[in-house]
Amino acid sequence: DISEHPTREGKLYICAIKDVYSNKIVGYSIDSRMKSSLAAAAMRNAIALRSPVGTICHSDRVGQFRAKKVQRLLANNGMVGSMGRAYGAGDNASMESFFSLLQKNVLNTRRWDSREELRLAMVTWIETKYNRRRRQRALGKLTPVEFEMIYTAADAA
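Numbering (the numbering used here) for the sequence shown: 42 to 198.
The hints are simulated quantities; they were obtained by calculation from the structure and are not laboratory data. Hints may contain errors.
Computed list of lysine-lysine pairs in DSS-like fashion (alpha-carbon distance at most 30 Å, straight line) [unchecked claim]:
| # | residue 1 | residue 2 |
| --- | --- | --- |
| 1 | Lys145 | Lys52 |
| 2 | Lys76 | Lys52 |
| 3 | Lys170 | Lys145 |
| 4 | Lys170 | Lys182 |
| 5 | Lys52 | Lys109 |
| 6 | Lys52 | Lys170 |
| 7 | Lys145 | Lys182 |
| 8 | Lys109 | Lys182 |
| 9 | Lys110 | Lys76 |
| 10 | Lys76 | Lys109 |
| 11 | Lys110 | Lys52 |
| 12 | Lys76 | Lys182 |
These numbers come from a predicted model, not from an experiment.
Modelling step: build the complete structure from the supplied sequences, incorporating the hints.
As structure tokens, then:
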């Protein structure tokens with residue numbers, strides 16, 4: 042999914058990819074323009090961390106995810122695309138929840154002077170707080186990183 046936030050320099054966009062098994066943000070991209078390259082970069086980052094063959098990638102119907110560039114990326118990596126209904130935010134509730142937390146914990150905490158300042162704040166929050174320190178009820182009060190460590194080790198055994 043994609044979200045935007047203003048700075049004094051102009052808007053900044055973030056596209057994030059969440060692994061719904063562990064709730065970990067596995068790929069994201071941040072840019073001053075909302076183009077298909079934003080979604081493609083987030084997808085490439087997620088693919089670099091995962092074995093994507095057979096993975097279902099669900100998104101809303103924004104044009105960036107319908108772009109040929111993104112659809113080719115899915116097909117070339119053995120992934121299956123899935124899209125929610127038009128104007129159906131509930132279809133992607135997991136990502137809407139993530140962006141709500143990002144808004145509460147980072148975006149709306151103050152006025153941002155520059156895009157770079159906001160970009161650094163978002164990256165820091167995702168990497169150090171959301172993925173590594175935020176315990177989630179759905180994961181048995183584990184963080185996404187802890188959940189993956191436990192269940193990846195169990196699956197390997």
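So, going through the hints one by one against the coordinates:
1. Between lysine 145 and lysine 52 the CA atoms are separated by roughly 17 Å; this keeps the pair inside 30 Å, and the hint holds.
2. Between lysine 76 and lysine 52 the alpha-carbon distance is near 13 Å, which keeps this suggested pair within the 30 Å criterion.
3. Only pairs whose Cα atoms come within 30 Å are accepted, and lysine 170 paired with lysine 145 is accepted, the gap being roughly 13 Å.
4. With a CA separation close to 14 Å, the supplied pair lysine 170 and lysine 182 stays within the 30 Å bound.
5. Distance check on the hinted pair: lysine 52 and lysine 109 sit about 25 Å apart at the alpha-carbon level, within 30 Å; holds.
6. Between lysine 52 and lysine 170, the direct Cα distance comes to roughly 23 Å. Compliance with the 30 Å bound is thereby established for this hinted pair.
7. Restraint check: the Cα-Cα separation between lysine 145 and lysine 182 comes to about 20 Å, which is no more than 30 Å; the hinted pair holds.
8. At most 30 Å may separate the alpha-carbon atoms for a hinted pair to count; lysine 109 and lysine 182 exceed this at roughly 39 Å.
9. Of the pairs offered as hints, the one joining lysine 110 and lysine 76 holds, with about 11 Å between alpha carbons and a cut-off of 30 Å not exceeded.
10. Taking the CA atoms of lysine 76 and lysine 109, the gap is about 12 Å. The hint holds against a cut of 30 Å.
11. Taking the CA atoms of lysine 110 and lysine 52, the gap is near 23 Å; set against the 30 Å cutoff, the hint holds.
12. A hinted pair counts as satisfied when its Cα atoms are at most 30 Å apart, and lysine 76 with lysine 182 does not qualify at roughly 36 Å.
In summary, the structure is inconsistent with hints 8, 12 from the numbered list given earlier, while agreeing with the others.
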